[in-house]
Amino acid sequence: GEEVAQTPKHLVRGEGQKAKLYCAPIKGHSYVFWYQQVLKNEFKFLISFQNENVFDETGMPKERFSAKCLPNSPCSLEIQATKLEDSAVYFCASSQFFRSAYNEQFFGPGTRLTVL
Amino acid sequence: KQEVTQIPAALSVPEGENLVLNCSFTDSAIYNLQWFRQDPGKGLTSLLLIQSSQREQTSGRLNASLDKSSGRSTLYIAASQPGDSATYLCAVSTTKGGSYIPTFGRGTSLIVHP
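Line by line, the protein sequences are chains A and B.
For the first sequence, the positions run 1 to 116 when the numbering used here is used.
For the second sequence, the positions run 1 to 114 when the numbering used here is used.
Don't take each hint at face value.
Said to hold, decoys possible - Residues of chain A placed beyond 10 Å of chain B at every Cβ, according to the derived structure: (1) E2; (2) Q6; (3) P8; (4) L11; (5) K40; (6) E42; (7) S48; (8) M60; (9) E63; (10) K68; (11) F106; (12) P109.
Unchecked claim - Dumping the calculated DSS-like pairs for lysine-lysine here, alpha-carbon to alpha-carbon at most 30 Å: (13) A:K9 / B:K68; (14) B:K68 / A:K18; (15) A:K40 / B:K68; (16) A:K20 / B:K68; (17) A:K9 / A:K40; (18) A:K44 / A:K18; (19) B:K1 / A:K68; (20) A:K27 / A:K83; (21) A:K40 / A:K18; (22) B:K68 / B:K1; (23) A:K68 / B:K68; (24) B:K68 / A:K83; (25) A:K44 / B:K42; (26) A:K83 / A:K40; (27) B:K42 / A:K9; (28) A:K62 / B:K68; (29) A:K18 / B:K1; (30) A:K20 / A:K62.
No wet-lab data here; the hints were simulated from the structure.
All C-beta atoms in this analysis are idealised placements derived from N, C-alpha and C, irrespective of residue type, glycine included.
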């Protein structure tokens, strides 16, 4: 597609439940990034992929967060046993280039996760 | 560690004014700098990407400049319109440590009133 698509738009979970978010990058883009926006305008990097391979996962809280980008499927971000502090908007971005000065990132509309 | 600061944090102006939004960064070893706008409840829209070798980029009423040596970028908005109301973020990608992940500023919240 011509835009980064994210589903669902909103997700509500009780504390301790699992949450799974999906992202379809722009067709032809090999790089996918996940960000978490907890407070307004404060973006935290979580993880990046080059095709189905993890490129950088330095931002991931590994004990409960996991992510995948499998061939011919949307990328996913999964949170096991959600906590109240996981409430945030999760953004996915894709880029055609990465290790390049041309790595313009295009963002999806985000998934708002609310943990009650 | 790269730190990105945006000034002012908020701005309210009447329609028609020319605006300057500022972004400063602490590490000048950058790959590029990208300006985004974020509308309430929405994702980020890419406005301009300036590569480290460039001094400025223009798109319509927007002009972004980059001065790596002083660690600054400015986004100039000409003849502002109510539709320009949004939060403007700058994001800087650095080369050190092999990390190409952009560091975001906290944004400038702009309101243009008719």
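These are the hints, each one checked on the structure:
With a closest Cβ-Cβ approach of about 13 Å to chain B, E2 of chain A is found to remain outside the 10 Å limit, as its non-interface label requires. For Q6 of chain A, the requirement that its beta carbon stay farther than 10 Å from each beta carbon of chain B is not met, with the minimum near 8 Å. Non-interface status of P8 of chain A relative to chain B is upheld: no Cβ of that chain comes within 10 Å, the nearest being about 14 Å off. Chain B leaves L11 of chain A outside its interface by the beta-carbon criterion, the shortest separation being 15 Å against a cut-off of 10 Å.
For K40 of chain A, the condition that its CB be more than 10 Å from all CB atoms of chain B is violated, with the nearest at approximately 8 Å. The claim that E42 of chain A lies off the interface is violated: its Cβ sits roughly 6 Å from the closest Cβ of chain B, which falls inside the 10 Å cut-off. A Cβ of chain B approaches the Cβ of S48 of chain A within 10 Å, the least distance being about 7 Å, so the stated non-interface status is violated. Non-interface call for M60 of chain A relative to chain B: holds, since the shortest CB-CB distance, roughly 12 Å, exceeds 10 Å.
At the 10 Å boundary, the C-beta of E63 of chain A stays outside the reach of chain B, the nearest C-beta of that chain being 21 Å off. Even its closest Cβ contact with chain B, about 19 Å, leaves K68 of chain A beyond 10 Å, as expected for a residue assigned away from the interface. The Cβ of F106 of chain A sits about 6 Å from the closest Cβ of chain B, inside the 10 Å cut-off, so the non-interface label is violated. With 10 Å as the threshold on Cβ separation, the claim that P109 of chain A sits away from chain B is violated: the shortest Cβ distance comes to roughly 4 Å.
Note on K9 of chain A and K68 of chain B: the hinted pairing is violated, with a Cα-Cα distance of about 38 Å set against a maximum of 30 Å. Our distance criterion of 30 Å between C-alpha atoms is broken by K68 of chain B and K18 of chain A, whose separation comes to about 44 Å. Pair hint K40 of chain A plus K68 of chain B holds up; C-alpha atoms about 27 Å apart against a cutoff of 30 Å. In summary, the hint linking K20 of chain A to K68 of chain B is not supported, as the alpha carbons are separated by about 40 Å, beyond the 30 Å threshold.
Simply put, K9 of chain A and K40 of chain A have alpha-carbon atoms about 17 Å apart, close enough for the 30 Å limit, and the pair holds. A C-alpha spacing of about 21 Å is found between K44 of chain A and K18 of chain A, which places the hinted pair at or below 30 Å, so the restraint holds. This hinted pair checks out: K1 of chain B and K68 of chain A have alpha carbons roughly 28 Å apart, not beyond 30 Å. Distance check on the hinted pair: K27 of chain A and K83 of chain A sit about 33 Å apart at the alpha-carbon level, beyond 30 Å; violated.
For the hint linking K40 of chain A to K18 of chain A, the alpha-carbon distance of about 24 Å falls within 30 Å, and the restraint holds. Taking the CA atoms of K68 of chain B and K1 of chain B, the gap is about 16 Å. The hint holds against a cut of 30 Å. A threshold of 30 Å between alpha carbons decides the hint, and for K68 of chain A with K68 of chain B the separation of about 36 Å lies outside it, so the pair is violated. Proposed proximity of K68 of chain B and K83 of chain A is contradicted: the alpha carbons are some 41 Å apart, above 30 Å.
Using a Cα cut-off of 30 Å, the hinted pair K44 of chain A and K42 of chain B holds, with the two alpha carbons roughly 17 Å apart. A threshold of 30 Å between alpha carbons decides the hint, and for K83 of chain A with K40 of chain A the separation of about 19 Å falls inside it, so the pair holds. Proximity of K42 of chain B to K9 of chain A is assessed by CA-CA distance (about 10 Å); at most 30 Å being required, the pair is judged to hold. Pair hint K62 of chain A plus K68 of chain B does not hold up; C-alpha atoms about 35 Å apart against a cutoff of 30 Å.
Between K18 of chain A and K1 of chain B the alpha-carbon distance is near 33 Å, which puts this suggested pair outside the 30 Å criterion. Using a Cα cut-off of 30 Å, the hinted pair K20 of chain A and K62 of chain A holds, with the two alpha carbons roughly 15 Å apart.
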